[in-house]
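Chemist: Chain A is already provided as a structure; the job is to place chain B on it using the hints.
Chains as they are written, first to last, in the numbering used here: chain A, 22 to 121; chain B, 1444 to 2136.
Hints were generated in silico from the structure; no laboratory data involved.
Hints are not guaranteed to be accurate.
[Claimed, not checked] Every beta carbon over 10 Å from chain A, so not counted as near; a handful from chain B, in silico:
no.: 1; residue: Asp1649
no.: 2; residue: Val2105
no.: 3; residue: Trp2110
no.: 4; residue: Phe2120
[Said to hold, decoys possible] To be clear about the criterion: a stretch of chain A counts as covered by chain B if any three or more of its residues have a C-beta under 8 Å from a C-beta of chain B, and this derived list gives those stretches:
no.: 5; region: 33-44
no.: 6; region: 112-118
[To be verified] Here are some, though not all, of the chain B residues that point toward chain A, as calculated from beta-carbon distances under 7 Å:
no.: 7; residue: Ala2042
no.: 8; residue: Gly2044
no.: 9; residue: Gln2106
Note that beta-carbon positions come from the ideal geometry of N, C-alpha and C, so glycine has one too.
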Amino acid sequence: MIPLQYELLLSAALFCIGLYGILARRNGIIVLMSIEILLNASILNFVAFSSYSGNPSGQVFALLGIAVAAAEAAVGLAVFLSIYQTHGTIELDKVRFLKW
Amino acid sequence: MIANAWVVWLILLLPLGAFLVVGLIGRRFREGGGYLVVGAMAGSLVLSLYVFVQVLLQGALGGSFTETVTGYVWLPSIGGAEIRISILIDNLSSLMLVLVSFLCLLIFVYSLAYMHEDEGKARYYAEVSLFATGMLGTVSADNFLQLLIFWEIMGLCSYLLIGFWYHKPEAAAAAKKAFLVTRVGDVLFLVAVLIIWIEFGDLRFDVIAKGVGLLSPHLLTLIPLLLFGGAVGKSAQFPLHAWLPDAMEGPTTVSALIHAATMVKAGVYLTARSFIFLVPLAPGVEPPFTAILVIAGIGGFTALFAATMAVVNTDIKRVLAFSTISQLAYMFLGLGAGAYVMATQASRGEEVNSAGYSAALYHLFNHAFFKALLFLSAGSVIHAVNTNDMREMGGLSKAMPTTSKVMLFGSLALAGIVPFSGFFSKGEILSVTFDAGADHPGFYLLFAFGIVTAFLTAFYAFRLWFMTFHGEYRGHEHPHESPRVMTTPLMILAGFALVSGLLAYPMQGFGNLVFFGRPEAGFPLVGIPWSHYLLEGTALGVAVLGIALAWSIYATKRIPAERFTATRGGAFLHRMLARRYWIDDVYDAFGRNVVVGLARGLDWFDRNVIDGIVNAVGRGGMRVAVQSDVFDRRVIDGAVNAVSLETIRTSWRLRQRQTGQVQSYAWVIVVGLVVLFFLMFGQRLVERFLGGP
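Okay, chain A solo, but in the shape it has when bound:
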């Protein structure tokens, strides 16, 4: 049985990688992928605590999280596709029209 600390450290590492991707990368697709990593980090936390405490509701919540992530990816990709069609780019520092 893998100790809980390792699982939490892995989850934290994944979260930091995702956070870095969101904040630092310019490409919209990569940002979406980073969000997936963030979500997976939290799902890993749910699973870890579920197996640690023997409470299965964490695993149920993990399945819900995967479904949400899939929906989020679909919506996000559709948004970026639409942005690309109208502006010809998905570089986030060039997509500046969401302001006054």
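Modeler: Below, chain B without anything else, positioned relative to chain A:
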């Protein structure tokens, strides 16, 4: 008691109603409502006669009759008695009601033909009807205020009717002149009424007559003089006589009705009513002899003064106007002399003899008939020859036989030839004046004035008649007799000119009809001292002389008229009389220079001082407004603008933070979370890792 006393209201209300109806919708009637007005006046006459006969039967013969028909309260008590609109029925007023309504009726009938071709006849009939209301109201008022009100209604109608042909500048000017000149007298009258109100707290004649003894001697002199001032204006006595000759610009019927037969008599009537002041019947009161002398003096002077001006005038109506002034002055002379005799007798405690009072009103009565006759005859002549100028008349007795005969009757009555009416009343006035001379020698002078006036009166009356009807026609028209509807009233009036003087006989003396004080004994010319026959014979003699002179100058031309103006003195006299002693010129100059100058001065004051103050206030206001505008713009608006500007600036700065960059927002979220985390758990972390207290 008068049976059916309410009918006296109808005497006033019938012409008033006719005025309202004709004034509003007169144009829709035939003859502009003339028949309606005549009908209303006939109703008034019948009712007046009804009242008059009752007064006669119930004590007027040989005594007095007085009854007040109480009307509604017009002004409730204001520091005195309440003022009611009431009608006084006594010997004098019932006689005046009959006289006025009778003359009005005849003249209205005459007007049906005379005004037939006039465009504005509806206006004419409305105005004369209102005038009739005013005159009837004046002679039947039971207090001074009511009398003043109706008096002013007459003044208004006089103004309107003189200016009836208002498109003629002379008529408009004459109307204005009449209104302004009579106004001088009206103001004096108003002052008298106010003084009476202050002194008595009541304006009714009977109440005042009882309280006259309480007046101070000064007021007892002042009040009748002020009342006489009103009479001087209305009756055109010197010095307010100037308006009456010019009033002849109105239609001749108006001249006959208002400026000869009725309205100008109101002054005499008022003076007769003011006998309650002149001859206080309360014992121990000193009568106001000064006031009486003023009245008699102005009367005697004006009689001569106006007669001289009539002698040279060539306008047929103006001759009659001057004659009216002169005859009215006779009445004032009679009233003054009679009052002096009565006042002397009363102060001595003797029986008073109201001969002068009744002689003056007798003359009023007779003069109303013969002067209306003369004016209407003149109107008939003017109607035929289309001019007022006697130099363009002459020889009209062939073309107008009826008019010439009735005018001869009027002239004989005016001249005072027995048995025409003027003889009796004029003779009595002169006798009374002579009698008063025994109490005050000044009356002998006034008597002399009266005799000279009688001579001049006969002269100008027949000068008028000969110039108009005798000799050859000098004009260019084709004169013809007037229609029946005009000549019938003339013939009726001619009958009265002949017999109205004799009417006193069946009444057992005219004094009974106008009763004042104690009964006056007897018949005219009967039971009087022999000296009076001499006096009346003198008056008759000078009148015959005057007629003879007129005959030899204007009919046979044995004495050429030019001879009188041949010498320098004669020419000057003629010019002075023709210019009416320059009094009109003086009044005009006074009006033009003094009044207009005063008005100019006031205008200057108004423009420069009053307007200056107003403008300065306005300018000051504007300056304050400008300052307040600046304050408003700079301070108030500045504060508002500064707040909004700062808001805009702040929001602009904040807007710079909205980059639209998703990742910068994400940074904010993350940093915010970290800060939040440390705020929530920071303390515990510090305790855990660094060791707490």
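Chemist: Next step is simple, just say for each hint if it's right about the structure.
Modeler: Now for the hints, and whether the structure bears them out:
1. Asp1649: Given a closest Cβ separation of 102 Å, the condition holds.
2. Val2105: Nearest chain A Cβ is 6 Å from valine 2105(B), so the label is violated.
3. Trp2110: violated, 6 Å
4. Phe2120: holds, 14 Å
5. 33-44: Held - the region 33-44 of chain A has 3 residues with a Cβ nearer than 8 Å to chain B, which meets the minimum of three.
6. 112-118: Check passed, 5 qualifying residues.
7. Ala2042: Because about 77 Å separates alanine 2042(B) from the closest Cβ in chain A, which is outside the 7 Å limit, the hint is violated.
8. Gly2044: violated, 77 Å
9. Gln2106: holds, 6 Å
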